[in-house]
Amino acid sequence: MSRPFPIRSPATLRATAPWAAMFALFLTVVGAVELLVPALHLEAGRPAPVQVRRAPRTVPPPVAATALLRTDLDAYRDEPVDAIGHADVLARQADKLERLPGWLAGNFALLLASFLALAFYLRRFGRGLVRSLRTHIVVLVTIGFWMALFKAYLLFTPFSPYFFPVAMLSMVYGHFLGRRAGITVTMAVAVVGSAYLEFDLAYAAVVIAQGLVIGALVAARRRMRPSRLFLVGAACGAISAAVYGAAMFAGGRVELDEAWKFVVQANPIVGSVVGGVLSGLLAWWLAMPTGVALGVTSRSRLIDLQDVENEVLRDVPKRAPGTWEHARAMANLAEAAAAHIGADGLLVRVGAYYHDYGKTIHPEFFIENILSEPGKDQPNPHKGLDPKDSADRIKEHVSLGVIALRQKNVPEAIVDFVYMHHGSSVIEFFWGKCQEAGNPHGYTKEDFSYPGVPPQSRETAILMIVDAVEAASRTVQPPTREKFKNVVEHIILSKLAQGQLDDSDLSLEDLHKLIDNLVETLVHGRHERVQYPWQKSQASVVPPAPGAPAVPAATPAPAPAAPAPATAAPAPAAEPGVPAPSAPRPVRQAVAISPPAPGPAPAGGVLVAAPRPTPDTGPRVPVSAATVPVPTIPRPIGIASPIPAAPPPKTPGEPGTNVK
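First residue of the sequence shown? That's 2 in my numbering, and the numbers climb one at a time after it.
One or more hints might be untrue.
Claimed, not checked - Result set (BS3-like, lysine-lysine): computed pairs, CA atoms no more than 27 Å apart in a straight line:
1. 152 x 262
2. 389 x 434
3. 514 x 484
4. 446 x 389
5. 384 x 434
6. 514 x 486
7. 152 x 97
8. 319 x 409
9. 434 x 446
10. 319 x 262
11. 384 x 446
Claimed, not checked - Derived CB-CB ranges, DEER-like:
12. 386 x 487: 30 to 40 Å
13. 158 x 6: 16 to 26 Å
14. 23 x 393: 42 to 52 Å
15. 146 x 301: 17 to 27 Å
16. 475 x 6: 22 to 32 Å
17. 430 x 530: 44 to 54 Å
Since the hints were made in silico from the structure, they are not lab data.
Heads up, the beta-carbon is just placed ideally off N, CA and C, and yes, glycines get one too.
Taking the hints into account, I'd like the entire structure generated from these sequences.
Shown next, in the form of structure tokens:
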């Protein structure tokens, strides 16, 4: 389906292959730079222009004169090359120059295969940011740059290769792209690094072990703290030293057996520990520029975007207040759910604030922005519209939101939430109306589908689920745990059945955790409360509508002592000082006022309350209207209050006809 806006489409091997070939060629040339540049060649009788490292071999190296000279170098930079003492070094150089074309072709093919495998793995098994072409290019560029530095380190420093913080790349990409991406980058780096050391398997094993440790300890998109990275780096160093120690005992190479006797600057065991710690510190230092290159929104930018005083965010409550309340409720649910499964809670919160930004352009087409208060009802703009036209108005909030946020330079990571929170799902309500009308125009489901793509990350998938859950939870009555659980499970299962969560990288374990967390949050957030006393008093009397007769209370159950009917025998004479009424009335006892119920109104429109039995204390005296005060404020339920006598009947419609 064509979309009115561009999206971050996944990379393909066709698009990535040229970049992979370019950087494979670049690193191949860098790896043979000492052979391709004549100024870096070794010549007998002249100082060595570069450090020459010992090749993996089983033949014992020349015995050093003193322990201070025990190292992995065969020739030192700036020291004269002796024709006899360095005969093996000169022979190795001559052999490489003789077979240089084949050597370059073999290394290029190996590196190209490694980079293509890296791109394929990221494309096939990655989600969201991992699958974009920009990410693949950034990964290849950083690997090329870092391994070129590693080659310069080998040529111009006397330190062991294990001191170089090669694991830094695994930490950075494990943080931004996930554990699997970090481990995959480690494999590519191990191939390049071991090729620069004439395919030293011990070095490759150490680098792979570092990547596995990082994959186990570095959590994706968690806030990076120096203390945590220092501990991860120290763990990498300890594991690397253990792996190298195992290689010393398992390998048959002489330089492995004697490596622990090397001087500190060349000792691979010390280098493994120091290199791991340096990797952690450099990963923290380089995380921000790498994140900017990948297009990841920094935490400071997210904090600024969630500020309600932000220039862009202020438009939402101003133009669409109902949408803003929905977004805020979603943000609380989504942030808690994301944190519960280890996703980026802050990113989800900001995405919830902006996901319906397109509704600010035409807010009147959405139910949450249509007032339904008595006396403030707004006309429904969908009334009289064709279902397809109504669906088009609803779909517009996605495309208009994407365009508006991009014009305001909102980060693409936030824009993703706009066109992914509905995915490519169908607007069921208007599609159903179209089918009920017989579908006279022959529309298809695609005509009623949103112009987005299914969620490509855990964060966007969480927002899609919470968007539906928050709206459906408002209709749950009574708000019990069982009903909330049924709603959440139904929504998640329907999204799964529609294929909207296929690319989200949410596991079944994540979905179970989401269900538990959402239900728990809804139960505690939508709980019922008891009424306050003043609320009960207001609910005790319901005023009738203007112009309508007063509504009496519900018919009470038969009481033990019912009042005498109007045709009963006359009551005894009144006591002295009490004027007798012209028309005696039965005695009314002090009762509590009950809420009115539908039924015929009594004479005079007086609310009739259920009588309350009282102890018999003597003869009952009829009370006239003049002796009973008329209360102005209703009493709370349970407090006795006198009942006014019925006023003279009035003509319907005359002021004062309806008496409360």
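Pairwise hint evaluation, residue 389 against residue 446, where the allowed Cα distance is 27 Å at most: holds (11 Å)
Status of the given 30 to 40 Å range, CB of residue 487 versus CB of residue 386: Hint holds: Cβ distance 33 Å, inside 30 to 40 Å.
CB-CB spacing for residue 6 and residue 475 relative to the 22 to 32 Å hint: Since the Cβ atoms of residue 475 and residue 6 sit about 31 Å apart, the hinted range of 22 to 32 Å holds.
27 Å limit on alpha-carbon distance, applied to hinted pair residue 152 and residue 97: holds (17 Å)
Pair hint outcome, residue 514 versus residue 486 [Cα-Cα no greater than 27 Å]: Measuring from Cα to Cα gives roughly 12 Å; hence the hint holds.
Pair hint outcome, residue 389 versus residue 434 [Cα-Cα no greater than 27 Å]: Distance of about 9 Å is within 27 Å: holds.
Range hint 42 to 52 Å (beta carbons of residue 23 and residue 393) holds or violated: Distance hint for residue 23, residue 393 holds at roughly 45 Å.
Pair hint outcome, residue 152 versus residue 262 [Cα-Cα no greater than 27 Å]: Measuring from Cα to Cα gives roughly 25 Å; hence the hint holds.
Cβ distance range 17 to 27 Å for residue 146 and residue 301, holds or violated: Roughly 26 Å apart at Cβ, these two residues keep to the hinted range, so it holds.
Residue 384 paired with residue 446 [C-alpha distance capped at 27 Å]: holds (22 Å)
Distance restraint between residue 384 and residue 434, which requires alpha-carbon spacing of 27 Å or less: Distance ~12 Å between residue 384 and residue 434 Cα, so the pair holds.
Given pair status - residue 484, residue 514, alpha carbons within 27 Å: Distance of about 18 Å is within 27 Å: holds.
Comparing the model with each numbered hint stated earlier shows that hints 10, 13, 17 do not hold.
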